[in-house]
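The chain contents come next:
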Amino acid sequence: MKTRMKEFRARHNLTQEELAKKVGVRRETIVFLEQGKYNPSLKLAHDVAKTLKAKIDELFIFEND
Amino acid sequence: MKFRTDKDVLQFLGMGFGLILFGVVIFLYLHPAGIGLTISGTIITLIGLRIATKSKEFFMQDERSTRINEKAGYHAFWATMAVISIAYFLKVTKLWDPTFWDMYSITLFTGIYGWIILRWYFNKKGE
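Protein chains in written order, with the working numbering: chain D, 1 to 65; chain R, 1 to 127.
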């Protein structure tokens, strides 16, 4: 899975800590999300997309095997 | 250094002090094993003081940390079952005759340390 979270986060001038607080998770979770090392739940993906004013499929890109 | 004094921290510290007091009473009037309780209480109190210096968000349980805990717990459970099965096999084949305390220690340490190590592993590994 690839993400464009960092790009969208930069557009809104948010730090990882600030995004984590807005979404209600730990900063560590945002780090792992941005690195594509964690698959978020639908709720978390929705909350992140809503906060970053983007669509879920714009933020999270699943590559075919 | 700022110390939090919310309910969670105070409960934790209260538990630590209570254990120290209880351990001292046991040690003085009943059994030398009370010293173990006193040491445990001291460790819990020190952990409580460390927790008090961190923000609430530092210890927040979000979906990722919950998932890691559950995954580690699941694997630690099966590791413990495997260890018990091996010990049972050794007992049945008379290769080893474990006492109750042998089995108690093996089960406890496999479960607890297995869980702690697996938590660290799944945290590093990601998904």
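Check before you lean on any hint, since a few could be wrong.
Derived Cβ-Cβ restraints for the label pairs, each shown as a range [stated by the list, open to error]:
hint, chain 1, residue 1, chain 2, residue 2, range
1, D, E7, R, M81, 32 to 38 Å
2, R, I84, D, K53, 19 to 25 Å
3, D, N39, R, M60, 18 to 24 Å
4, D, A10, R, M15, 41 to 47 Å
Think about it this way: if two alpha-carbon atoms lie no more than 25 Å apart in a straight line, the pair counts; the simulated DSS-like pairs of lysine-lysine are [what the hints assert, rightly or not]:
hint, chain 1, residue 1, chain 2, residue 2
5, D, K21, R, K91
6, D, K50, D, K21
7, D, K37, D, K22
8, R, K124, D, K43
9, D, K50, D, K37
10, R, K125, D, K37
11, R, K2, D, K6
12, D, K43, D, K6
13, D, K21, D, K37
14, R, K7, D, K21
15, R, K56, D, K21
16, D, K43, R, K7
17, R, K54, D, K22
18, D, K6, R, K91
19, R, K91, R, K7
20, R, K7, D, K50
21, R, K54, R, K7
22, D, K43, D, K53
23, R, K7, D, K6
24, R, K91, D, K2
25, D, K22, R, K91
26, R, K124, D, K37
27, R, K2, D, K2
28, D, K55, D, K21
29, R, K71, D, K2
30, R, K71, R, K2
31, R, K2, D, K37
32, D, K22, D, K53
33, D, K22, R, K94
34, D, K2, R, K56
35, D, K53, D, K37
36, D, K2, D, K21
37, R, K7, R, K71
38, R, K56, R, K2
39, D, K21, R, K94
Please keep in mind that the hints were generated in silico from the structure rather than gathered at the bench. Just so you know, these numbers come straight off a predicted model, no measurement behind them. Idealized CB from N, CA, C, for every residue including glycine.
Comparing the hints with the structure gives:
1. D/E7 <-> R/M81: 32 to 38 Å: violated, 46 Å
2. R/I84 <-> D/K53: 19 to 25 Å: violated, 53 Å
3. D/N39 <-> R/M60: 18 to 24 Å: Roughly 20 Å apart at Cβ, these two residues keep to the hinted range, so it holds.
4. D/A10 <-> R/M15: 41 to 47 Å: holds, 44 Å
5. D/K21 <-> R/K91: violated, 54 Å
6. D/K50 <-> D/K21: holds, 14 Å
7. D/K37 <-> D/K22: holds, 21 Å
8. R/K124 <-> D/K43: Distance ~23 Å between R/K124 and D/K43 Cα, so the pair holds.
9. D/K50 <-> D/K37: holds, 21 Å
10. R/K125 <-> D/K37: Since the Cα atoms of R/K125 and D/K37 sit roughly 8 Å apart, the hinted pair holds (cutoff 25 Å).
11. R/K2 <-> D/K6: violated, 32 Å
12. D/K43 <-> D/K6: holds, 19 Å
13. D/K21 <-> D/K37: Given pair D/K21, D/K37 holds - Cα atoms ~20 Å apart, limit 25 Å.
14. R/K7 <-> D/K21: It holds: about 21 Å lies between the C-alpha atoms, which stays within 25 Å.
15. R/K56 <-> D/K21: Status holds; Cα separation ~11 Å.
16. D/K43 <-> R/K7: Outside the cut-off at roughly 29 Å; violated.
17. R/K54 <-> D/K22: holds, 19 Å
18. D/K6 <-> R/K91: Violated, because 57 Å separates the two Cα atoms, which is more than 25 Å.
19. R/K91 <-> R/K7: Violated, at about 49 Å.
20. R/K7 <-> D/K50: violated, 33 Å
21. R/K54 <-> R/K7: It holds: about 14 Å lies between the C-alpha atoms, which stays within 25 Å.
22. D/K43 <-> D/K53: holds, 15 Å
23. R/K7 <-> D/K6: Cα-Cα ~36 Å, so violated.
24. R/K91 <-> D/K2: Violated, at roughly 51 Å.
25. D/K22 <-> R/K91: This hinted pair is violated, its Cα atoms lying about 56 Å apart.
26. R/K124 <-> D/K37: holds, 10 Å
27. R/K2 <-> D/K2: violated, 39 Å
28. D/K55 <-> D/K21: holds, 20 Å
29. R/K71 <-> D/K2: holds, 23 Å
30. R/K71 <-> R/K2: violated, 34 Å
31. R/K2 <-> D/K37: violated, 34 Å
32. D/K22 <-> D/K53: holds, 13 Å
33. D/K22 <-> R/K94: violated, 60 Å
34. D/K2 <-> R/K56: Violated - the C-alpha atoms of R/K56 and D/K2 are around 31 Å apart, more than 25 Å.
35. D/K53 <-> D/K37: Roughly 22 Å between the alpha carbons, so the hint for D/K53 and D/K37 holds.
36. D/K2 <-> D/K21: holds, 22 Å
37. R/K7 <-> R/K71: violated, 29 Å
38. R/K56 <-> R/K2: Within the cut-off at roughly 12 Å; holds.
39. D/K21 <-> R/K94: The given pair, whose Cα atoms are some 58 Å apart, is violated under the 25 Å limit.
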